[in-house]
Amino acid sequence: MNKKISALSMAIAVALASTTASASIATGLSNFKIDHAKTDVYSNSYKVNKELPEVTAYLSNWTHYQQGYVADLDELSKYDTVLLSFFGLCGTKVGDPSVTGGINGLATSCAQFGLKKFELSSTDSYADLEKQFPGMGMSWQPDLTWKSPTPNGLLGVMKKLHEEKGTRVGISIFGWSLSNIASDAVKPENRAVFLNSLIDFVRAYPFIGQLDIDWEYPGIQGAPENVFDPVNDAKNYREFIAELRTELDKMGRNDVVIGIASGAPHDKIDAAKLKDLVEAGVDNIHLMTYDFFGQWDTTLNHHTNLYSSDDSKWSADKAIQYMIQDLGIPSKNIQLGYANYSRNAIVEADIQASPLRGDFRPVHNTAGTFEAAVTSVNDLFENFVTVSQTEKMEGKNGYKLYTDAVSNADFVYNESNKLFVSIDTPRSVFAKAQYVNKHNLGGIFTWMADHDEGLMLNAAREGLGYEVKEQVFNMEQLINSCGVNITSDAECKELTNLFDGNKAPSVSASDKQAQYVKGGVYDLSALINGSTDVAVKHVTWTLEKSSIGNENIAITDKGLKSVFTVNHNAVSDHVVATFNVEVTFANNTKSSDTMTYTLKVNETIPEIESISHRNTYKIGSGEELAFTANASDDLDRNLAYSWKVTPKDIAITSDAERVTVLVDTNELPNKPEYNVQAEVTVTNKFGNTDIMSATTTVIGNPDMNAAPTAMFTVKSEVLEVGDIVEMTSISTDELPKELSLNWQVTLNGGNIAVDQSRGHDASFDTDVAGSYSVTLTAIDVFGISSTKTKLIEVSERLTPQECEVKDDNADSYPQWNATTIYTTETVGHNGLVYTAKWWTQGNEPTPTAEMWKLESEVELPWSVEAVYHGGDQVDYEGKRWEAKWWTQGSKPSESSDVWFFVGEAICK
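Under mature numbering (1 follows the signal peptide of the UniProt record, and there is no 0), the residues of the sequence shown are numbered -23 to -1, 1 to 885, in order.
Because the hints were derived from the structure by calculation, they are not lab data. Quick caveat: nothing in here was measured; it's all calculated off a predicted structure. Treat the hints with care, since some could be wrong.
Said to hold, decoys possible - Derived pair list, reagent style BS3-like, types lysine-lysine, alpha-carbon separation capped at 27 angstroms:
#, residue 1, residue 2
1, Lys137, Lys164
2, Lys10, Lys369
3, Lys245, Lys415
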């Protein structure tokens, strides 16, 4: 790889010079949710090719709550393997005090199911076993328990995914916050309990095809309070893997894959003795080539870079080459990771893009999506960069895309709010997939599938060389999108296309169908993929099986293009035959593939010769925009047509089941240029089909464009110094989702920095009292703009008041009596008002009593016994906190994964 640095890259520090110290930095959480509907416009399907490396995904058991994840078998089946995460062992203690949700959930499930220490269990039994996910045919099961044969929840989703789609599914055990017990669990005296619980789990759930051990980390420190044994961990781990492989084989499950996750830094690789684990039975090493950077670091770095800019930097290549060249680990056992999330930082002073140089300061509430300093890829694609099939990806909302040509890594940066976002992009994922091919690795995987609406998986598949089966999004522009500092298309192409084809060539053959004709000769054909430098030495076609008996089909072997004939006397119904083609190359390497050939007896197969359509259409021309299928069939003059027009919001005026489909030109979006694609499926009376698509480029008409109207709302009416002012654009336009928005805030003539990284939402900090002038400029697709200005008053902050935990109305209700039976009555007790939720007697009303609802609107401090839901706010130790999601017993703090800081406490 050429790691030269362009002149512009060397000078990028000038372009990224810091703003004044008074500029507002990007802080606070975005609750930008996953939009499942976008899979319809982003997510392609790719043809199966067993010769190519596979794609694996981890799937969490928490994003379906508040982050909007929707379980979809069709989308999940686009991965080769899906690993549900995380499961843990009973008795696990806290390893990272800031991440305790999994520990608490594990303790609950272990008690619920009566499990003992070192046995496997769920970290969220509702999510894994009980929840009835929409569209999954699940019904309420009152007796569900651990290892119930027909679980609901995500285990039920995994069961259906394997049984209906054939996808390999598995579970991941431990992870960062649950690894404190791992060292003890693999010790000889405890190992049998752990191992037997895994075997029992696989026996109970035969759809499980992979067990993934994510111990972070054997023999070396992981989470700050983890227990580890640098002397014995690797040995015990190796013995555990060997025994697990033996037990799986003994139960007839030699098909179950054993995977592990491994850190990429050399010290973690060495401590685990990875080669010993492979020899003991590990099939896949999921190399965690991400989290190279975070708030814990001392200087600015990339989070998931492919190469190292110098010897001191971690990278995927540095780890992989060490494993292959120095340790002798087979390359096929290694899977390279890509990240569907970022690591963010607030930059200090200057930043250089290539090679990356700069400093940052840790800020506990650095901007992120549901989590500080972490932006999910769906948020990135909506609010930080542009996504288009016709134009290259670039930054928006004040962000610019940059590419470090030395590390082969992308990032976005906002000069105004100082937010640095290190993330994988479709370009870098494509490059990683190319690297997998180049170095003959076993595959590529992602943490995690939840936030990918299709684009990242598309890039992985195309980088590995998979052929598109059904395309809804052309990836070419995104894959070839480098940062603004890479000015040459040739340099970008060199950075992205790492695989030059000098890999062992392979053969592929696609399934085919044809009309059976007496005495017919049928073509067999195969293609050579990969390098063309190696000549084909020999080709052999063999018949594996046939519905009419192998003796009734004769192959005339003529090389890659051969033919076969059929004994007519043996034919009474459709003929289905499976052929195998094996190619021997000049270097004596071999490759093979199979194909299924179906001959339709007394049936024809329709053929679409073409689709008549316009190459271009101009808005307002008054012309017709139609697509007409030109199809024929020898035995059917009444073919059925089914059209699908994309984008999906394009309206049609005709029946979609006719030979011609008419687009409603009155409803076409008026924007500069875009494509309308029409795909037709033609079906004959036998149910046989043919498919074709055609594309028309629509040219917009600026003379017919109506100007936008800029409008916005302010979330809070009463604002004090120190508050974050949150604003939302409600601007109107013919295409409101495609408006470009620019916010400007001034105070006494001076500019105030605005965080406008979240599209229609923006915010700014208030350091002093006064009248802030907020101006929103909305710009439409033709560059026409509209502005709206409002004055926002911010007053001096009042000091916290003494808050009396008492309701003046409490005395007007009957007072609670321990001997009285209550069902739905309202009572007063200790100065507060409560209503019974259900039958209760003798249970004293308190703010945390589950049978009583607190009716009084009073401000209560945080309590270890209270349950808080996402959005609930509470005072604790002089500060105001807001819960991100359901929590109980988790103490608010700046390091908490559950709480984020809002401001000063309301009450003293």
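To see whether the hints hold, each was checked on the structure:
Between Lys137 and Lys164 the CA atoms are separated by roughly 35 angstroms; this puts the pair beyond 27 angstroms, and the hint is violated. Of the pairs offered as hints, the one joining Lys10 and Lys369 holds, with about 25 angstroms between alpha carbons and a cut-off of 27 angstroms not exceeded. With a CA separation close to 25 angstroms, the supplied pair Lys245 and Lys415 stays within the 27 angstroms bound.
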